[in-house]
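Colleague: Residue numbers (this note's numbering), protein chains in the order written: chain A, 5 to 493; chain B, 17 to 113.
None of these hints come from the bench; they were simulated from the model.
Label-pair distances were calculated between CB atoms; the ranges are:
(1) M29(B) with A41(A): 45 to 51 Å
(2) F103(B) with E490(A): 52 to 58 Å
(3) A359(A) with P61(B): 34 to 40 Å
What the simulated footprint calls covered on chain A by chain B, stretch by stretch (three residues with Cβ under 8 Å from a Cβ of chain B suffice, anywhere in the stretch; the number is not a length):
(4) 100-110
(5) 328-336
(6) 340-352
(7) 371-382
(8) 386-399
(9) 419-426
All figures in this text were calculated on a predicted structure; none of them were measured in a lab. Glycine included, every Cβ here is placed at the ideal spot set by N, Cα and C.
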Amino acid sequence: MDGEALHGRTLTELAQGLESGEITAVGIAEHLLERIAQTEERLNAFITVTADEALAAAAAADRERAAGRTRPLLGLPIVHKDLFCTRGVLTTCGSRMLSNFVSPYDATVVARLREAGAVMLGKTNMDEFAMGSSNETSWYGPVRNPWDVTRSPGGSSGGTAAAVAARVVPAGTGTDTGGSIRQPAALTGTVGLKPTYGRVSRFGMVAFASSLDQAGVITRTVEDAALLLGVMAGFDEKDSTSVDHPVPDYRAALGRGVAGLKIGIVRQHFDEGLDAECAERVRAALSLLEREGAVLTEIDLPHIDLSVPTYYVVAPAEASSNLSRFDGVRFGYRAENPKDLLDLYCRTRGEGFGAEVKRRIMTGTYVLSAGYYDAYYLRAQKVRELISRDFREAFATVDVIAGPTAPTPAFALGEKTADPITMYLNDIYTIGANLAGLPGISIPCGFARGLPVGLHLVGAHFAEETLLAAAHHYQALTDWHRACPEGFA
Amino acid sequence: MSLTREQIQHLAMLARLELAESEFDDVQAKLSSIVEFVDRLQAAPVDDVVPMAHPLSGAQRLRPDVVTEVIDRDAIQANAPAVQDGFYLVPKVIEQG
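Next up, chain A with everything else stripped away, as it sits in the complex:
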């Protein structure tokens, strides 16, 4: 078996190899586990590697295939962001607070992928409780970007993004509350898909901001993203905000092309905040789509400039409430020798949470506190409505909104940690989709100073097929997604 080629293959290519009998699931798992071992020192992409479970699951997959049965992902490797609960395996959420937490159940996303035959190789590193855009807030140390290991892979799903970009694994899950799938995908040259809010179950995801959180995937090809979304999407009665909406055959939509596709370009997204080289790459990608028959129009989202401040009221407010469950009583970290219950709570949380998480909890506490609620939280919810209305009006005239995913290519580790606002502004182009609950995808569209640049496409609610078709068409014409970071071939 050609080991060199194995880790460079996409899920779709591995599936073909398994089907033809050229390779085995055990062969894939063994090779990729070895690959993890070889690259971890450089990347720090994993918190837990589940080698024994993976080999056992792979062997079972091979036996099942030998018996003439198959499933959509039988024997295909996957990694999960360490925010998805996995039964019997550590789920830390990148935090000291959950550094000893072993979930008694599987997240629905994990269960569905497992039932489809996928083999979990491990749990990936992330910003603590998904709060961060650089992976530097992880209790387990920052993930490094394979394109330049002195730089951040973005965050919070940076572990999955780095592992996929470095050809350690072909695909993994992530979550996106303000850009946490799409921004790291852009910074690592991978495909990052955040579905419509409610499209994929949130059950078993450690909650950050419940009205914004959505599970998705990071892959190297749009085709693989479509394959995984088809398995993950769908109604789940265990998630009260899961939507009972038919799940189409996403892969069947890939060939639709872009002829006649109406693409809106947001004026505000090409202002002075955007790196000039990134702007050039994104404009070139849009021109290519135009030559393929797409129709470009400039549009206005009049309130989009308020999306980041809106987010930094709404998300911390929900987080402060969600994270109140970490009290040192039922699970997770507990401070030693508490003198009374108050001391137990305060020290457990003071010691168990990192600086960014504490800041967000306190921000949320502030905007929800008596005397400030109307001025901040209620006002932010009204602005959120204005932003959503802008998108609704835009989608009355265009099919897709396109622009850059992130304002700059990957930045250096430590570069933005001193000022939280600079870090928050990294998500300036992605946050709007979360506030409005819209699906978005980032795909590689070139390089700036040797670092990947992402093209961001946003669609109307449940318009994943439109996004995937446009993104797939672009990938069929370009090779950016095939570029491999030096030292990781």
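Starting from the known structure of chain A, fit chain B onto it as the hints suggest.
Modeller: Same frame as chain A, now just chain B:
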């Protein structure tokens, strides 16, 4: 707008977070800059706008209030820092009179 030291202490207590003395200045500076940043919302034209509670407007589903699955108590409590006889242990909360 700059938050005072007393405001930071009050917020930390409301959020049940102990801040080490060494963390204080950093928290005060960064939280103040975050509040100043989100103050941009004050200029937004929100008169007569209905606040958005949720990205999808559909009503929340109801379900029958019945037990659908049972997870073994011991399995759940395996994650607890301190348990005894199926109970969670916490520091004494009732003062003796």
